[in-house]
Amino acid sequence: MKDIIEIKVTDREDVVHELEAPTDMSFNLMEILKAHELPVEGTCGGMALCASCHCYINSDHELPEPSEAEEDMLDQAFFVEENSRLACQIKIKEELEGMEVKLAPVNE
Amino acid sequence: MIKTDILIVGAGPVGLFTVFEAGLLKLKCHLVDSLPQVGGQLSEIYPKKPIYDIPGYPSILAGDLVNNLMEQIKPFNPTFTLGERAEVIEKTGDKEYTLTTNKGTKIQAPVIAIAGGLGCFEPRKPPIEGLAEFEDKGVDYMVKDPEKFRDKKLLIAGGGDSALDWTIELANIAKEITLIHRRTSFRGALDSVDKVMELAASKKVNLITEAQAIGVRGNGKLREVIIKSKANGEFAKEVDNFIPLFGLSPKLGPISEWGLTINRSAIEVNTEDYSTNIEGIYAIGDINTYPGKLKLILCGFHEGTLMVQSAFKYIYPDQKLSFKYTTVTGIDGLE
Ligand SMILES: Cc1cc2nc3c(=O)[nH]c(=O)nc-3n(C[C@H](O)[C@H](O)[C@H](O)COP(=O)(O)OP(=O)(O)OC[C@H]3O[C@@H](n4cnc5c(N)ncnc54)[C@H](O)[C@@H]3O)c2cc1C
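Protein sequences, first through last, are from chains D and S.
The first sequence begins at 41 in my numbering and counts up one residue at a time.
The second sequence begins at -16 in my numbering and counts up one residue at a time.
You may find that some hints are simply not true.
As the list claims (entries may be wrong) - Counterexamples of contact, computed for chain S against chain D with all Cβ distances above 12 Å:
(1) K(-14)
(2) P41
(3) Q91
(4) G275
(5) G313
Stated by the list, open to error - When the alpha-carbon atoms are kept at most 25 Å apart in a straight line, the in silico PhoX-like pairs for lysine-lysine are as follows:
(6) S:K32 x D:K74
(7) S:K278 x D:K131
(8) D:K131 x S:K213
(9) D:K74 x S:K211
(10) D:K142 x S:K32
Quick caveat, the hints were computed from the structure, so don't treat them as lab data.
Note that CB positions come from ideal geometry on N, CA and C, so glycine has one too.
Isolated chain D, as found in the complex:
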């Protein structure tokens, strides 16, 4: 059982960050990104009620399908792709070791 996994995050300037994420604290990916001070707003606190943590999953880790609520919020995001997700809806679990994530563009 792995308590800490590593996640590779590419920010909007194409800088790659290797983040450590604990698997035993029921964190989601948005919280991990914020904890490492990556530029993700997470305005709604993680309820899929805003689209401010939109990201792309670039590795082929298996993830649960997005809920209807997540799809609805992705409608308010931009440059949505097949691999688009809201980071707050991705639970940090052991199986996500090595996951590759890219932050989606935003208008600042």
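Knowing the structure of chain D, use the given hints to seat chain S with the ligand on it.
Showing chain S with the ligand alone in chain D's frame:
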């Protein structure tokens, strides 16, 4: 000119409750909010969600909390300017500020309490390269006057109620109207979805689903939008106007230009009374920051409560303020 004791910028839960605490000290409040309704994030983002950490309420819907706050402050007759953004603050005298909204409304008060939360809710703008160049030159983020689009070729993007409703309304006005959406299903109200489907079937609306706008081109004026669709790849669509409707998101806005000490989009305050670096201006709720700050409704209520005590002493330095429980005084006749 509206005159009041405490001018509150932001009618979110914190601004609203501050009216109550100010009222206990016989201070009058006027509130300004850029949204057409009160309640801030609670009304705009999560009216139907239950909140579990309001003391005394095991659970309360955000919308109900806002309604209750409005009822609680009613005895103090607060006044409101809604749908207007607080734009400029000027010091116009000793203990006198004049605030002007984007629509020119002027409000005068000795004290300003900024309860602006995460800032003004503004239309979300797609991060499409060069888009800003065409703002008001073919790119609109909201429909103020439908007549502006008479006999034009329009492209509306989005999948929510406003995209659907405007597509329906503008279908009769525009020369040609196209709605583009990233999925085949829409999250808007069912009857609006049906109506748009009908309009699409009768060719009054050109519906492009599983597609997104990814670029814009023009020369001083918008000429075409580049669309990427699952079925047809990338292509250019000639339009007069592009209206992206992707909901609202909060932006700090004009508050950043008022000379306040800002730290990561929040106003630094003294935790003794939530005063800012400018005399007579306070900041409470999500908009402020200090060591240990938590963005919670409960904390904002506390901040507003302490703030009005300080505001009273600032406005009336010679008057004694005696602290009384509401159980002792009640609220009737305090007005
Ligand atoms: C999805 C979600 C769930 C949440 N759950 C909880 C919870 O369970 N418990 C909890 O305690 N908190 C919760 N929060 C946080 C809570 O909503 C905020 O702490 C609270 O809304 C802050 O209130 P406020 O009055 O300071 O600001 P806001 O509610 O943000 O209101 C600020 C208002 O100011 C207006 N404004 C800003 N600038 C200007 C200007 N220049 N001119 C005019 N108007 C302006 C805005 O339009 C807005 O209406 C949640 C937040 C979200 C998004």
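Hints breached by this structure: 8, 9 and 10
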